[in-house]
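Trainee: Residue-level listing of the chains:
There are 2 protein chains.
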Amino acid sequence: MDKQTALERLRALDRERMHLVRSAALLQWDQETGLPPEGVEDRAEQLAVLEGLAHEKLVNPELGQLLEVLEARGFVEDPPAGTASFPGEDFLRVLRRDYERAVKLPVDFVRECARTEGLSQAVWVKARRQRDFSLFAPHLEKMVRHAQEKTRFWGWGAPGSGTTLYDGLLDLYEPDLSAGDMAAVFGPLGERLSALLQKITAAPEKLQGLPGFLHGHYNPQKQDAFCRELLQGLGFDFNRGRLDCSAHPFTSTLGFNDVRITTRYAAEDPMAGLLSVVHEAGHAFYEMALDPLLRSSCLGEGTSMGIHESQSRLWENVIGRSRSFWRGWFPRFREFFPEETRGRGVEDLYRELNRVRPSLIRVEADEVSYSLHIILRFELEQGLIGGALTVNELPAAWNAAMKKYLGLSPADDADGVLQDIHWSMGAFGYFPSYALGNLYGLQLWEKLGEDLPGMAESLERRDYGGIHRWLGEKIYRRGRRVEPARLIEEATGKPLSSSAFLGYIEKKYSELYEL
Amino acid sequence: MDKQTALERLRALDRERMHLVRSAALLQWDQETGLPPEGVEDRAEQLAVLEGLAHEKLVNPELGQLLEVLEARGFVEDPPAGTASFPGEDFLRVLRRDYERAVKLPVDFVRECARTEGLSQAVWVKARRQRDFSLFAPHLEKMVRHAQEKTRFWGWGAPGSGTTLYDGLLDLYEPDLSAGDMAAVFGPLGERLSALLQKITAAPEKLQGLPGFLHGHYNPQKQDAFCRELLQGLGFDFNRGRLDCSAHPFTSTLGFNDVRITTRYAAEDPMAGLLSVVHEAGHAFYEMALDPLLRSSCLGEGTSMGIHESQSRLWENVIGRSRSFWRGWFPRFREFFPEETRGRGVEDLYRELNRVRPSLIRVEADEVSYSLHIILRFELEQGLIGGALTVNELPAAWNAAMKKYLGLSPADDADGVLQDIHWSMGAFGYFPSYALGNLYGLQLWEKLGEDLPGMAESLERRDYGGIHRWLGEKIYRRGRRVEPARLIEEATGKPLSSSAFLGYIEKKYSELYEL
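Chains as they are written, first to last, in this note's numbering: chain A, 74 to 588; chain B, 74 to 588.
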């Protein structure tokens, strides 16, 4: 088989698998947005069939052989810069990574994991409702053990390898970034944020001067109408995507020209739904601006969870909670809600939107304390997976870290160690993506601001063209062709660092709180 | 392998295939109801992958072997009446039928058919827009040839077999009913309906006395709200289904507890959207009331297109266009549309809804002329597939038959032979289902009326419980376990016949037109 034929065949196998993955994503999207309540049971079985077939297509021996043939003969090379042929070398590298991850796990182990995950999640829901960690503990132990076995199967943490078991879990979401790399950044970050948070909470409550106005009754239909106009204004193409409602906001890619986001509207909190729209729009912009060459291939996705979160958090927080953004949109917001906003201005909204109030709950956290919630989880995960921390010791360790970083003590475990779904699904190593997203986002924003002066004025004019072009060129278009560390370095000239983020946070909140 | 193990394995293979079929149905449903415009291309590829896999699962040699083993050893028997175990014998018979249909067609032929179908449909759209049959003719010739080859592959029409090629196509939609059987019923039916239609069109225009009120501006949101209330009132369970909008109304089964219908609303024609809802509800009631034993198996569907249409057309026409039905619903309709219905009553609505106006277009036809449109197509299809009629002769034959049955002459082929999509998709043999549906529906309604006296009063009270129970027992619950001819005979005590339908039509319209 000649080079071209082998590559074409491999691409066809990959394409078929991606179509199955996207089809499964539609089944899931529908489940969250419109499935009749009693349809859940069949849907779970349908999803299991599609996911099973997608897995079969990935561990297909023919795919493995084609990979070997093409790699061994050095048959595939990237096209010279500036040409538009398919990036074969990146394709082989990324597909090899996906293939290894799938093929190294014994089928029985995968099945056992899926089975216990389902049960673990169900028990977590119950334990959280009953505010009783002890119910969940034995399941969490199993999930930890499975995570350890999984990363061991992948080849991490062997004595003398210089890697840890936890590195392998991080690598799943943030390729090529070790726990050590992250700790080197997260350590100082945690200290600086903690210090700032203490100063803010000690400062006189300047932002409480006026009673807020972003509550009361904001008609959800009108919120939706405003959000659609906003989304379009931000650059979301409704010919290539949708906005729907679901219990938890998410973004789902169902095709190269089919990227869907969701939100939820609460009458008493109009900013929650709106900022979810802006957050998910950040994810969607990434998926909507991929190089068409990568369409329907394993390269046609965001390169990591951290880079993905950099986009969602950049749009939500850095843009969506800025003065300039609201100078652009507040007049229109006021037209939708004249009564609700009577007598208030951009500055009122800006202050209310950026109030810092340390909370026990991650998803309610402000920009200052959010990363602290993540650092706490990162440290605990390292302990759990590395073996230094047992599941029984976890609640106390959680509470101690919460006290240390945020100065708070949960009344019980429901608002503490039981608050997130992630561990019940075995998704250890996922949390750091959120904090990495904050750091990457500000690194990109800093460089973007240097390359495109006058960004504040652009935002006031609601002109996002420059942002889309810059991020599109440096990040979006490249898909999975470039791993996150190199991507950030090529885009900004610097490796991962917290300085841009800290500079932004300290400047913004010192001004707000007159520190 | 023992009997039970073989049956369980066969059921697992069938179940997996059905889950793929349902997943593909979701992709299609989404395409019609919410797919972003530019998502069409990827969706087509995703659908091709899922349909290809579903086909692979059906022609799987293991499935064929298990069928043989179980059939040969007489291993599977139906459970004794009254017990609730899985009906293995019906399962084998129906799965064998599906398997043979799939396995007898060479893979290359199936692929060639799919390819030419896509092109044929596209050209049909263009030819219809340009009102030019000659564009479409060569493609139609190919579709006819493919249909002939297909039915020949299935073993129909061999010399001395006593069957025709067309029989094989009819069998696909209406198992065990030959063209001869149908002709014996359709012939006299056509004559009686034609005669009635002539009398009606010659009668003084009694129904035109008042200008109609079912046009003007009926707010589509209010139409939707009314239709949802109506649908629920008819017995549609929104916990197990949905109502959405699409360009063409349809029903889709996505799971045992997930049956979805669609409609479309036009401000100037409130009855179109409403009657579509009632029509599709008839399909949905059938799919929603299957025996749970048949869930996720090839038996868990309606038994034929004709029986399915009997339900949709029964609910839409016999119930939804009746006086009793509107005595139940008009007061509520008037509350939704007080201005639009001012000064009008049930009788006005009844007359307007049942006005007979022969039309060139099948989908706009009234109850009297509808079956004539079908009989015309049935005769032409017989000619085309049997070889007595060439594609070039078709437009003239169409126009002659239109003149004969409906007394009308189309101005051009767009409103004549080009009006329906079916032939462009190669769906020869499908049309008769619609007329069979009319006949079956009235046979069932007649018997139901004997078993449940006082039906008119029940309808006035909006009480549909008796109808659901009777149809559920006799038809819905049985799924594909019983072929249509036996099903109708068991339910009504009589074989297929047009007398109930003709009795209903002649009585209703003689009264309306005072013949």
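It should be emphasised that the hints constitute simulated quantities derived from the structure, not laboratory data. Glycine included, C-beta positions come from ideal geometry on N, C-alpha and C. It is possible that part of the hints are untrue.
Stated by the list, open to error - So the derived list for chain A, only partly shown, Cβ under 7 Å to chain B, looks like this:
hint: 1; residue: 96
hint: 2; residue: 104
hint: 3; residue: 105
hint: 4; residue: 109
hint: 5; residue: 117
hint: 6; residue: 135
hint: 7; residue: 138
hint: 8; residue: 141
hint: 9; residue: 329
hint: 10; residue: 415
hint: 11; residue: 418
hint: 12; residue: 421
hint: 13; residue: 425
Unchecked claim - Calculated from the model, a selection of chain B residues having no Cβ within reach of chain A, i.e. all distances over 12 Å:
hint: 14; residue: 89
hint: 15; residue: 103
hint: 16; residue: 117
hint: 17; residue: 120
hint: 18; residue: 137
hint: 19; residue: 254
hint: 20; residue: 275
hint: 21; residue: 295
hint: 22; residue: 313
hint: 23; residue: 315
hint: 24; residue: 434
Trainee: Does each hint fit the structure? Answer for all of them.
Mentor: For each hint, the structure was consulted:
Contact between residue 96(A) and chain B, as hinted, is supported at the beta carbon level, the nearest pair being about 5 Å apart and thus within 7 Å. A cut of 7 Å between beta carbons decides the hint on residue 104(A): the least distance to chain B is about 10 Å, and the hint is violated. Annotation: residue 105(A) was flagged as interfacial toward chain B, and the flag is violated, the nearest CB pair being 13 Å apart, outside 7 Å. Residue-level restraint check for residue 109(A) holds (minimum Cβ-Cβ distance to chain B is 5 Å; threshold 7 Å).
Checking residue 117(A) against chain B: minimum C-beta separation of about 10 Å lies over 7 Å; hint violated. Against a cut-off of 7 Å between C-beta atoms, the interface hint on residue 135(A) is violated, since the closest Cβ of chain B lies about 15 Å away. Evaluation of the residue 138(A) hint against chain B yields a violated restraint, the C-beta minimum of about 21 Å exceeding 7 Å. A hinted interface residue such as residue 141(A) counts as satisfied when its beta carbon comes closer than 7 Å to some beta carbon of chain B; here the least separation is about 25 Å, so the hint is violated.
Satisfaction of the interface hint for residue 329(A) is found here, the shortest Cβ-Cβ separation to chain B being roughly 6 Å, below the 7 Å cut-off. The closest approach between the C-beta of residue 415(A) and any C-beta of chain B is roughly 29 Å, which is over the 7 Å cut-off, so the hint fails. The restraint placing residue 418(A) at the interface with chain B is violated, with a minimum CB-CB distance near 35 Å, outside the 7 Å limit. Here the hint on residue 421(A) is broken, as its CB sits about 35 Å from the closest CB of chain B, past 7 Å.
For residue 425(A), the interface hint is violated, since its Cβ never comes within 7 Å of a Cβ in chain B; the closest pair sits about 34 Å apart. Once the 12 Å rule is applied to beta carbons, residue 89(B) is inconsistent with being away from chain A; the minimum gap is 6 Å. Non-interface call for residue 103(B) relative to chain A: violated, since the shortest CB-CB distance, roughly 6 Å, does not exceed 12 Å. With 12 Å as the threshold on Cβ separation, the claim that residue 117(B) sits away from chain A is violated: the shortest Cβ distance comes to roughly 10 Å.
Not every CB of chain A lies more than 12 Å from the CB of residue 120(B), the least distance being 8 Å, so the non-interface label is violated. For residue 137(B), the non-interface assignment is confirmed: its Cβ lies about 21 Å from the closest Cβ of chain A, beyond the 12 Å cut-off. Every CB of chain A is more than 12 Å from the CB of residue 254(B) (nearest about 37 Å), matching its label as outside the interface. The claim that residue 275(B) is not at the interface with chain A holds, since no C-beta of that chain comes within 12 Å of its own (minimum 50 Å).
For residue 295(B), the condition that its CB be more than 12 Å from all CB atoms of chain A holds, with the nearest at approximately 15 Å. Taking the minimum C-beta to C-beta distance to chain A, about 5 Å, the non-interface status of residue 313(B) is violated against the 12 Å cut. Here residue 315(B) does not stay apart from chain A, with its beta-carbon only about 6 Å from theirs, under the 12 Å limit. Taking the minimum C-beta to C-beta distance to chain A, about 32 Å, the non-interface status of residue 434(B) holds against the 12 Å cut.
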